[in-house]
Amino acid sequence: MTRPTQYKALPLLFNRRHILPGGRMPLDILAGVQTDTMKHALDHGSPLALAMIDQENSMPSCPMASEVTIVDFLEAPAGRVRLMVQGERLLLIQNVQQTKEGILAAQCKPLPLWPEVAVERRHQKLAARLNAVFEKHPELNALYPEKNFTDLTWLCQRWLEILPLSLEEKQSLLKATTCEAASDYLLQLGQAEH
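In this text, residue positions in the sequence shown follow the UniProt record's numbering: the first is 1, and each later residue adds one.
If you're looking for bench data, these hints aren't it; they were derived computationally from the structure. Keep in mind it's a predicted model, so treat the numbers as computed, not measured. Yeah, the Cβ is synthetic: ideal placement off N, Cα and C, and Gly gets one too. Any given hint could be a false lead.
What the hints assert, rightly or not - Calculated cross-link-like contacts (lysine-lysine; reagent style DSS-like; alpha-carbon spacing at most 27 Å):
hint : residue 1 : residue 2
1    : Lys136    : Lys147
2    : Lys175    : Lys100
3    : Lys39     : Lys147
4    : Lys100    : Lys39
5    : Lys170    : Lys100
6    : Lys170    : Lys8
7    : Lys125    : Lys136
8    : Lys100    : Lys8
9    : Lys175    : Lys147
10   : Lys8      : Lys109
11   : Lys136    : Lys175
12   : Lys8      : Lys175
To be verified - What follows is a list of derived Cβ distance ranges for each label pair:
hint : residue 1 : residue 2 : range
13   : Gln124    : Gln98     : 17 to 27 Å
14   : Lys8      : His137    : 44 to 54 Å
15   : Asn95     : Ile70     : 41 to 51 Å
16   : Gly102    : Arg82     : 17 to 27 Å
17   : Ser166    : Gly190    : 13 to 23 Å
18   : Leu74     : Arg122    : 11 to 21 Å
19   : Gly102    : Lys125    : 42 to 52 Å
20   : Arg80     : Glu120    : 39 to 49 Å
21   : Lys8      : Lys175    : 15 to 25 Å
22   : Gln124    : Tyr7      : 38 to 48 Å
Let's have the full structure, built from the sequences with the hints guiding it.
So, in structure tokens, the structure goes:
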């Protein structure tokens, strides 16, 4: 027997940078509605939905978001709050409504997490190249004190966070139930570079 789909209403923020399950990133919150949204989430013990938008600040026809939790507060320039957030799971946004407090809330359908997949020999280039990226970019490396280069799912999710792919490309890969399509895509992308 299948379980009915459970929808969640989460306070909603928008960002051009994408965070996936197990990912971490600093997130600047501006004064005003973003700060109100953050306070609402903290007051209610709620995670946030961080919607994926493109460079033109628009959402695709089937918008996705990441459920994120606040793991730390960081030093920020005046007039901003900087959070460290961690991706928990992907969500499909069903609709967005404004609460009486003026907060945008997204009615979301949680997507299943990709299962862990052992890295095979053919995937070792993905791990080696990601490790090289971490070594070259200490700020990115610092986000992941515990790296999992033996899990193909973890590798694919980190690559999809940092590569400058279009929103549509990312979301088409992320709708899959496993990392297989993403790993094939990333391997082809790596071959095209050489």
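Now the hints, each set against the structure:
1. About 15 Å separates the Cα atoms of Lys136 and Lys147, which keeps this hinted pair within 27 Å; it holds.
2. Of the pairs offered as hints, the one joining Lys175 and Lys100 is violated, with about 32 Å between alpha carbons and a cut-off of 27 Å exceeded.
3. For the proposed pair Lys39 and Lys147, the alpha carbon gap of about 31 Å is over 27 Å, so the pair is violated.
4. Of the pairs offered as hints, the one joining Lys100 and Lys39 holds, with about 15 Å between alpha carbons and a cut-off of 27 Å not exceeded.
5. A distance of roughly 33 Å separates the Cα atoms of Lys170 and Lys100; the hinted pair therefore is violated under the 27 Å criterion.
6. Straight-line distance between C-alpha atoms of Lys170 and Lys8 comes to about 23 Å, which keeps the hinted pair within the 27 Å bound.
7. Annotation: proposed proximity of Lys125 to Lys136 holds, straight-line Cα distance about 16 Å (limit 27 Å).
8. For the hint linking Lys100 to Lys8, the alpha-carbon distance of about 18 Å falls within 27 Å, and the restraint holds.
9. Straight-line distance between C-alpha atoms of Lys175 and Lys147 comes to about 24 Å, which keeps the hinted pair within the 27 Å bound.
10. Distance check on the hinted pair: Lys8 and Lys109 sit about 7 Å apart at the alpha-carbon level, within 27 Å; holds.
11. Between Lys136 and Lys175, the direct Cα distance comes to roughly 30 Å. Violation of the 27 Å bound is thereby established for this hinted pair.
12. Note on Lys8 and Lys175: the hinted pairing holds, with a Cα-Cα distance of about 18 Å set against a maximum of 27 Å.
13. Taking the beta carbon of each, Gln124 and Gln98 are about 48 Å apart, not inside 17 to 27 Å as hinted.
14. For Lys8 and His137, the hinted distance range of 44 to 54 Å is not satisfied, since their beta carbons lie about 33 Å from each other.
15. For Asn95 paired with Ile70, a C-beta distance near 24 Å fails the hint of 41 to 51 Å.
16. Here the CB-CB span from Gly102 to Arg82 is close to 23 Å, well matched to the stated 17 to 27 Å.
17. Checking the proposed 13 to 23 Å range against Ser166 and Gly190 shows it holds: the Cβ atoms sit about 18 Å from each other.
18. Checked against the hint of 11 to 21 Å, the C-beta distance between Leu74 and Arg122 comes to roughly 38 Å, which is inconsistent with it.
19. Range check, Gly102 to Lys125: Cβ separation about 48 Å, and the 42 to 52 Å hint holds.
20. Hint check: Arg80 to Glu120, Cβ distance near 43 Å, so the stated range 39 to 49 Å holds.
21. The hint said 15 to 25 Å for the Cβ distance between Lys8 and Lys175, and at roughly 18 Å that hint holds.
22. Judged by the Cβ atoms, the range 38 to 48 Å given for Gln124 and Tyr7 holds: they are separated by roughly 40 Å.
Violated hints, in rising order: 2, 3, 5, 11, 13, 14, 15 and 18; the structure is consistent with all others.
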